[in-house]
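Visitor: Below are the chains, spelled out letter by letter.
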Amino acid sequence: METTRKLIRKQSLEKLYKLLSETRKIYAPVIAADKQVEYKYNPAFSDITFDHIRSTLSAKNVVFPKVENLFTFTNSKTESTINDIDLNKIPEVILWGAHPCDNAAFDILRSIFCWDITDEFFSKRLEKLVVIGLSCHQSDDYCFCTSVGLAPESSKGSDILLSRLQNGDYHAQILTEKGNSILNMAGELFEPVSAEKELITEVKGKFSHEQVTEKLKTAFENPFWVENSLRCIGCGACAYVCPTCACFDIQDETKGKNGKRYRSWDSCGFGLFTLHTSGHNPREVQSQRWRQRIMHKFSYMPERNESLGCVGCGRCSSGCPVDMNIAEQLEALQKI
Amino acid sequence: MSDNIYKPYLMEIDNVIEETPDVRTFRLKFKNAEDAEKFTFKAGQFGEYSVFGEGESTFCVASSPTRKGYIECTFRKAGRVTNALANLEAGDTVGFRGPYGNTFPIEEWEGKNLLYIAGGIALPPMRCVIWNTIDLREKYKDITIVYGARTVSDLVYKHELKEWEERPDIRLVTTVDPGGQTPDWKGEIGFVPMVLEKLAPSSENTIAILCGPPVMIKFTMPVLKKLGFQDKDIYTTLENRMKCGFGKCGRCNVGKVFVCKDGPVFSYEQILSLPEEY
Chain A
1 METTRKLIRK QSLEKLYKLL SETRKIYAPV IAADKQVEYK YNPAFSDITF
51 DHIRSTLSAK NVVFPKVENL FTFTNSKTES TINDIDLNKI PEVILWGAHP
101 CDNAAFDILR SIFCWDITDE FFSKRLEKLV VIGLSCHQSD DYCFCTSVGL
151 APESSKGSDI LLSRLQNGDY HAQILTEKGN SILNMAGELF EPVSAEKELI
201 TEVKGKFSHE QVTEKLKTAF ENPFWVENSL RCIGCGACAY VCPTCACFDI
251 QDETKGKNGK RYRSWDSCGF GLFTLHTSGH NPREVQSQRW RQRIMHKFSY
301 MPERNESLGC VGCGRCSSGC PVDMNIAEQL EALQKI
Chain B
1001 MSDNIYKPYL MEIDNVIEET PDVRTFRLKF KNAEDAEKFT FKAGQFGEYS
1051 VFGEGESTFC VASSPTRKGY IECTFRKAGR VTNALANLEA GDTVGFRGPY
1101 GNTFPIEEWE GKNLLYIAGG IALPPMRCVI WNTIDLREKY KDITIVYGAR
1151 TVSDLVYKHE LKEWEERPDI RLVTTVDPGG QTPDWKGEIG FVPMVLEKLA
1201 PSSENTIAIL CGPPVMIKFT MPVLKKLGFQ DKDIYTTLEN RMKCGFGKCG
1251 RCNVGKVFVC KDGPVFSYEQ ILSLPEEY
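As you go down the protein sequences, you meet chains A and B in turn.
Going by this note's numbering, 165 is the number at position 165 of the first sequence; the sequence numbering is gapless.
Going by this note's numbering, 1159 is the number at position 159 of the second sequence; the sequence numbering is gapless.
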């Protein structure tokens, strides 16, 4: 679809939000009581932040919930009956004000959940999702989207992309049919574009992802992994805050006769992740698990999923309790 | 048809065999006739077996696709799910998802000799392909099975070992570790690699299929190489921990390879190209 460019006034945004929230759930970033930025369903418009650099968790929860029931069941003495989840009941959701890195992550998640056989839990959620993205007018040292082929104003993954103008209004790029349907529904709120300057931050390049991928082909046995992971405490925070990490666990829980089988986010940084019942562990030390994380995102995924497993949001570095900075590490890796 | 790829078939335990004090074999039948009708699988594939409320566990299908109407699985009581499974009886319900993974290339093996080498609880992942090729006996030349366990009581499928032993068209060699024999034990005494070396089967036009604990594989490989087997003519299975079984959950990866999609069956030539994360 050819991109349509429009202007939307600051005061019209609230009208648009109200109009959309009449028929759909909206998932948007708000500043929580502890000053952390978090996504919430249907927040009041006045609570939504348009000025955050990054939310603590990414927006991936909207298509890949932290915990998701796969089905429920009822046990009797010898019988078990399964109550299936009705995937058609997955609601339409609008992701509002998410930054380009988070929006670019949806295609990456799709490359994991929909290669070979399709995971309908994920794909139905993505199908029902409309993304109104927001270009970045601020960034910090943790940001490295430009090192992984993206930019503060990348439109990838957005149906409509908003970019703030100097006077506080927004330019809106309508990029897809889904975006177009919003334009058609609220046409009176969109005006012709203005000459006002778009505020887009600058994110400096830190490494070349092509070079990193090339280097990783021969780096498996390099002492780099041990040297650079000694301080890793295996807490898994990097995976939980990551917009593209998709590894999950499956567990059962019961209460009396009734139970559920659910999946929940997991992390390759945990020792238990690969532990066999026999006690054997294919990745028994933290350096092997750190190597897996980097290899998976920058070597295995480009080859198997035809997509890089990183969008450069910087959350894994900003959220790391021992300050392991992935961009710095990849910069160093390039030079080994 | 449900779109839910995580929803298992409901299976009824038709029969339980106590193979050893801690190993059981279940024969499972589909509760829904339509599921039974549509279900097909091939030798080497695996599934996720579950006790509702305890979780899922991964094992191969241990019966042959040539035996219709049921599947069998053999497992050792080791963790939460296998202990819960072991507490079940005939008539109880379990869940099964599958079949997943690749298969033994038995069509490519037609016209060749087959040498099966298994240790301990690793006979079950091989039993499916063993029976599959025995049931198509005329397509293969000599079939030799070398099976070892720590003690006589650790040998699984005892009733079938007897059947294989009695068949003139199969050569079966069983062995137990020194000290694991009973007074009436008539098989070999010694570790699998040594028994194999003594047996010295020809590598000419022969495929070797090897499953066992890592230490057995480690010492058997040099023997096979000495006998002249090429890496591409040796097959084994990898058994990494899994959750989903179809390449999403990120757990079984060995380098860029998904054991659940690209395996569990690998030639030794493929294994050598993988990082040692299995």
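To be clear, the hints were calculated from the coordinates, so they are not data collected in a lab.
Be aware that one or more of the hints could be misleading.
In silico BS3-like links for lysine-lysine, alpha-carbon gap of 25 Å or less [what the hints assert, rightly or not]:
| hint | chain 1 | residue 1 | chain 2 | residue 2 |
| --- | --- | --- | --- | --- |
| 1 | B | Lys1029 | A | Lys260 |
| 2 | A | Lys257 | B | Lys1112 |
| 3 | B | Lys1068 | A | Lys257 |
| 4 | A | Lys128 | B | Lys1029 |
| 5 | A | Lys66 | A | Lys260 |
Visitor: Is the hinted pair Lys1068(B) and Lys257(A) satisfied, with a Cα-Cα distance of at most 25 Å?
Guide: violated, 33 Å
Visitor: Between Lys66(A) and Lys260(A), is the straight-line Cα distance small enough, at 25 Å or below?
Guide: holds, 15 Å
Visitor: Can the restraint linking Lys1029(B) and Lys260(A) be considered satisfied, given a maximum Cα separation of 25 Å?
Guide: At roughly 23 Å apart (the allowed maximum being 25 Å), Lys260(A) and Lys1029(B) satisfy the hint.
Visitor: Are the Cα atoms of Lys128(A) and Lys1029(B) separated by 25 Å or less?
Guide: Not satisfied, since the Cα-Cα distance of roughly 38 Å exceeds 25 Å.
Visitor: Assess, step by step, whether the Cα of Lys257(A) is no farther than 25 Å from the Cα of Lys1112(B), and give holds or violated.
Guide: violated, 53 Å
Checked against the numbered hints above, the structure violates hints 2, 3, 4; every other hint is satisfied.
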